[in-house]
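Let chain A serve as the given structure and place chain B on it in line with the hints.
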Amino acid sequence: MDFRITINRKKLAQTTTDFLTSFLTVIRNYFLLIIFPYKTVRKISFSDDRNQLLIIFGLIFLYFKFIYYLRGKPYPATLLFFIFIINFTVTISFFYWLSKSSNKILFSSFVFTFSYSLLPTLTWFFASSLLYILLPPPRTISLLGRGFSIFFFAFSLSLLAWKLILVYLSLRFSTRLGIYRIIYMIFLYMLWFIPCTVFLYHFKLFRVPFI
Amino acid sequence: MRTINLRLKKKLDEIYVIEPNNLGARFLNDIYKRINIYFKTAPFIVIVPLSFIIAILIYLVFGFLLVRLVSILQYGF
Chain A
1 MDFRITINRK KLAQTTTDFL TSFLTVIRNY FLLIIFPYKT VRKISFSDDR
51 NQLLIIFGLI FLYFKFIYYL RGKPYPATLL FFIFIINFTV TISFFYWLSK
101 SSNKILFSSF VFTFSYSLLP TLTWFFASSL LYILLPPPRT ISLLGRGFSI
151 FFFAFSLSLL AWKLILVYLS LRFSTRLGIY RIIYMIFLYM LWFIPCTVFL
201 YHFKLFRVPF I
Chain B
1 MRTINLRLKK KLDEIYVIEP NNLGARFLND IYKRINIYFK TAPFIVIVPL
51 SFIIAILIYL VFGFLLVRLV SILQYGF
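Line order of the protein sequences matches chains A and B. Position one of the first sequence corresponds to residue 1 (my numbering), numbered consecutively onward. Position one of the second sequence corresponds to residue 1 (my numbering), numbered consecutively onward.
Bear in mind the hints are in silico, worked out from the structure with no lab data behind them. A couple of the hints might just be wrong.
Said to hold, decoys possible - One side of the interface only, derived from the structure: several residues of chain B facing chain A at Cβ under 10 Å:
| no. | residue |
| --- | --- |
| 1 | N21 |
| 2 | V48 |
| 3 | I58 |
| 4 | Y59 |
As the list claims (entries may be wrong) - Subject to a maximum C-alpha distance of 20 Å in a straight line, what follows is the list of computed SDA-like cross-link-like pairs (lysine to any residue):
| no. | chain 1 | residue 1 | chain 2 | residue 2 |
| --- | --- | --- | --- | --- |
| 5 | A | K104 | B | I15 |
| 6 | A | K100 | B | E19 |
| 7 | A | K43 | B | I4 |
| 8 | B | K40 | A | L160 |
| 9 | A | K163 | B | L50 |
| 10 | A | K204 | A | F193 |
| 11 | A | K39 | B | K33 |
| 12 | A | K43 | B | L8 |
| 13 | B | K11 | A | R42 |
| 14 | A | K104 | B | N21 |
| 15 | B | K40 | A | F36 |
| 16 | A | K43 | B | K10 |
| 17 | A | K163 | B | V46 |
| 18 | A | K100 | A | Y189 |
| 19 | B | K40 | B | E14 |
| 20 | A | K204 | B | S71 |
| 21 | A | K104 | B | D13 |
| 22 | A | K39 | B | I15 |
| 23 | A | K39 | B | I45 |
| 24 | B | K10 | A | F46 |
| 25 | A | K204 | A | S129 |
| 26 | A | K163 | A | R207 |
| 27 | A | K65 | A | T123 |
| 28 | A | K43 | B | Y16 |
| 29 | B | K33 | A | I183 |
| 30 | B | K40 | A | R42 |
Unchecked claim - Output of the computed footprint for chain A on chain B, the stretches with three or more beta carbons under 8 Å from beta carbons of chain A:
| no. | stretch |
| --- | --- |
| 31 | 7-19 |
| 32 | 34-44 |
| 33 | 60-73 |
Note that the Cβ used here is the ideal one computed from N, Cα and C, for glycine as well.
Here chain A stands alone, though its shape is the one from the complex:
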């Protein structure tokens, strides 16, 4: 019997090229989301390249692997990633379900735009963990300590603002609803998300929610 594995080189080359293209697209979109958030989120809402999702979620998984050693190994990275995936799925399903009554909305649009809105979160978490290594807390009241505190707080605020812009635009282009309905939806979301965050904090799964 012949057990040799036959590799379709052409298909392999095509898959590799597609994946690299998607990787470059993710990097390009990351910078475009900084410069042109409105146009970029609008473009992303029409996207259908699943490799991009794979890359974003792959980066998030790598981050969880990275902090596994940093946090003193309280929970395995796979468990944290699994909980994050559940949280993410419930979030987008909630917004999709709320806006389902309006016509011409696509679930894929929610998935793509919300996945890209995870990039500020990933940036903040990655930067925080790096700063944790370089400048471990607690901060002191020395001049440098106070200066760093102001810098870190401003940095966190900036990324939070970027995150809020991306979430708002994601909802705007995915639901195609007006600002009042979006604010109302976010309010309803907070009603269950805040207790959920407290629950995750209580079990030391996430101190700051990864969403």
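Below, chain B without anything else, positioned relative to chain A:
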């Protein structure tokens, strides 16, 4: 020519995929449009200085509490 028309149509469909926001009053719409411009393109030009101003103001008001908050945030990842 037909390709250009199709591209233009696709682009226009993309641009007009959502209706403009209506806040119910003309002055509210005007304010929204004025603020919105800063967040549509290069929002960090506004966000970064504003964040630093807010951070400095919080430090001036609450003092050491900001330092403690940052310590907590640094454990937050």
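Results for each hint:
no., hint, verdict
1, N21, "holds (5 Å)"
2, V48, "holds (5 Å)"
3, I58, "holds (7 Å)"
4, Y59, "holds (6 Å)"
5, K104/A with I15/B, "holds (15 Å)"
6, K100/A with E19/B, "holds (17 Å)"
7, K43/A with I4/B, "holds (19 Å)"
8, K40/B with L160/A, "holds (16 Å)"
9, K163/A with L50/B, "holds (15 Å)"
10, K204/A with F193/A, "holds (16 Å)"
11, K39/A with K33/B, "holds (16 Å)"
12, K43/A with L8/B, "holds (15 Å)"
13, K11/B with R42/A, "holds (11 Å)"
14, K104/A with N21/B, "holds (18 Å)"
15, K40/B with F36/A, "holds (6 Å)"
16, K43/A with K10/B, "holds (11 Å)"
17, K163/A with V46/B, "holds (15 Å)"
18, K100/A with Y189/A, "holds (15 Å)"
19, K40/B with E14/B, "holds (16 Å)"
20, K204/A with S71/B, "holds (17 Å)"
21, K104/A with D13/B, "holds (13 Å)"
22, K39/A with I15/B, "holds (9 Å)"
23, K39/A with I45/B, "holds (17 Å)"
24, K10/B with F46/A, "holds (11 Å)"
25, K204/A with S129/A, "holds (16 Å)"
26, K163/A with R207/A, "holds (18 Å)"
27, K65/A with T123/A, "holds (15 Å)"
28, K43/A with Y16/B, "holds (12 Å)"
29, K33/B with I183/A, "holds (17 Å)"
30, K40/B with R42/A, "holds (11 Å)"
31, 7-19, "holds (count 5)"
32, 34-44, "holds (count 6)"
33, 60-73, "holds (count 8)"
The structure fails none of the hints (numbered hints given earlier).
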